[in-house]
Amino acid sequence: MTPSSTVLTDLAAWQENIGMAVRHAEDEISVINTAIGSSFAGVRSAVGTSGGGFSLMVESLSFAGITEIPIVVFLAQRPGPATGMPTWTEQGDLLFSVFSGHGEFQKIILAPGDNEEMIELTGKAYNLADIYQMPVIVMSDMYLSESHKSVTKKFVDEFVSNYKINRGKLFGQDQISNIKNSKYLRYKITEDGISERLVPGTQGYFYQANSYEHVEDGHTTEEAQSRIDQVDKRARKWATYLKNDFSPPKIYGDLEKSETVFVSWGSTKGIILQAQKLLKTKGIESAFIHFNHIYPLDKDKITELLKQNKKYVLIENNSWGQFGKLLTMETGIEIEEKILRYDGRPITATEIVHKVIKL
Numbered sequence: 009m010t011p012s013s014t015v016l017t018d019l020a021a022w023q024e025n026i027g028m029a030v031r032h033a034e035d036e037i038s039v040i041n042t043a044i045g046s047s048f049a050g051v052r053s054a055v056g057t058s059g060g061g062f063s064l065m066v067e068s069l070s071f072a073g074i075t076e077i078p079i080v081v082f083l084a085q086r087p088g089p090a091t092g093m094p095t096w097t098e099q100g101d102l103l104f105s106v107f108s109g110h111g112e113f114q115k116i117i118l119a120p121g122d123n124e125e126m127i128e129l130t131g132k133a134y135n136l137a138d139i140y141q142m143p144v145i146v147m148s149d150m151y152l153s154e155s156h157k158s159v160t161k162k163f164v165d166e167f168v169s170n171y172k173i174n175r176g177k178l179f180g181q182d183q184i185s186n187i188k189n190s191k192y193l194r195y196k197i198t199e200d201g202i203s204e205r206l207v208p209g210t211q212g213y214f215y216q217a218n219s220y221e222h223v224e225d226g227h228t229t230e231e232a233q234s235r236i237d238q239v240d241k242r243a244r245k246w247a248t249y250l251k252n253d254f255s256p257p258k259i260y261g262d263l264e265k266s267e268t269v270f271v272s273w274g275s276t277k278g279i280i281l282q283a284q285k286l287l288k289t290k291g292i293e294s295a296f297i298h299f300n301h302i303y304p305l306d307k308d309k310i311t312e313l314l315k316q317n318k319k320y321v322l323i324e325n326n327s328w329g330q331f332g333k334l335l336t337m338e339t340g341i342e343i344e345e346k347i348l349r350y351d352g353r354p355i356t357a358t359e360i361v362h363k364v365i366k367l
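The sequence shown lines up with residues 9 to 367 when you count with the working numbering.
Hints listed in this document are in silico derivations from the structure and should not be mistaken for laboratory results.
Only a predicted model underlies this, so the values are computations on that prediction, with no experimental measurement involved.
Be careful, since some hints might not be right.
As the list claims (entries may be wrong) - Derived lysine-lysine pairs resembling DSS-like cross-links, with alpha carbons at most 30 Å apart:
| no. | residue 1 | residue 2 |
| --- | --- | --- |
| 1 | Lys161 | Lys191 |
| 2 | Lys318 | Lys363 |
| 3 | Lys251 | Lys309 |
| 4 | Lys307 | Lys265 |
| 5 | Lys346 | Lys258 |
| 6 | Lys196 | Lys177 |
| 7 | Lys333 | Lys315 |
| 8 | Lys241 | Lys191 |
| 9 | Lys288 | Lys251 |
| 10 | Lys319 | Lys346 |
| 11 | Lys265 | Lys363 |
| 12 | Lys315 | Lys285 |
| 13 | Lys346 | Lys309 |
| 14 | Lys333 | Lys366 |
| 15 | Lys288 | Lys363 |
| 16 | Lys191 | Lys285 |
| 17 | Lys258 | Lys285 |
| 18 | Lys366 | Lys285 |
| 19 | Lys162 | Lys285 |
| 20 | Lys309 | Lys285 |
| 21 | Lys346 | Lys307 |
| 22 | Lys333 | Lys318 |
| 23 | Lys258 | Lys288 |
| 24 | Lys290 | Lys157 |
| 25 | Lys241 | Lys318 |
| 26 | Lys251 | Lys157 |
| 27 | Lys309 | Lys363 |
| 28 | Lys258 | Lys162 |
Work out the full structure: start from the sequences and follow the hints.
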């Protein structure tokens with residue numbers, strides 16, 4: 009679905025050479041359910057979509073949440089609602105992603121800022137999905153998804169050399185000795201919230217995975233304490249993630265010396281970096297706080313970063329200032345100055361410069 013279509017076409021062309029299966033199913037519901045089923049069987053799986061297609065996927069996203077099955081969703085945004093402007097760009101699906109799916113369940117949201125981060129964070133997304141056994145959404149948009157940029161051979165070589173596949177607590181037949189409990193409990197209550205996961209068909213072990221709340225062995229329950237125990241177990245995954253794998257926003261420029269501080273996320277990164285250079289030629293020093301780990305957030309660290317005596321300016325390609333709303337919800341801090349563009353075109357560096365001068 010535009011603008012994620014290039015994921016399908018490119019991977020389809022490469023699949024035979026890299027040992028990957030690419031499927032173009034009849035609709036988005038089939039797409040995500042096929043991917044979840046593949047992941048349940050032990051295969052790393054991902055889907056690509058945009059807002060309208062993702063709308064059809066969210067019931068199954070909830071299913072992945074309660075069954076604790078890893079899945080990666082590549083969500084390339086375009087202006088909505090409905091068909092909207094399918095060949096233009098917008099950052100309008102952030103809050104939809106945060107609250108996607110019915111009921112309370114854990115997910116991780118990443119938003120690369122450029123082509124290099126797209127490579128790095130997509131690789132990280134697969135690891136996070138496996139480690140924490142939950143959906144991971146990688147957010148892009150038309151501007152970034154269909155832009156072309158050369159990355160250096162050095163970057164590619166370093167990424168390939170440093171990237172390590174981490175399947176988390178996934179065990180196959182040859183790793184049965186790692187299972188610590190004699191009776192296998194797929195949803196065992198653990199301190200970090202993560203339970204051991206077996207590939208189906210592992211000899212001598214059985215468990216249920218269905219859409220109902222369950223006890224530790226997977227069997228359905230409506231008992232109150234079991235419900236509380238499982239909800240709390242799943243919630244502890246976020247605390248573990250924030251402790252071990254959350255990356256705080258990166259700061260560009262001198263935060264101490266700058267009066268103006270830009271706050272943004274995702275694909276606006278390169279544009280704001282260019283605006284900083286233009287402002288410097290006019291004698292205006294600025295800093296830029298760029299988020300690519302969007303949700304959940306480390307509330308204490310982010311609050312400390314945003315409560316300094318600075319002129320904070322929120323920059324987003326949507327009309328609501330959605331990331332600003334998320335920051336307010338998480339920290340209680342509201343960024344009053346906003347530069348928002350929502351006509352389907354990416355915001356420009358000169359536009360930022362002109363508006364900053366007027367502030």
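Those earlier numbered hints the structure runs against, lowest number first: 1, 9, 16, 25, 26
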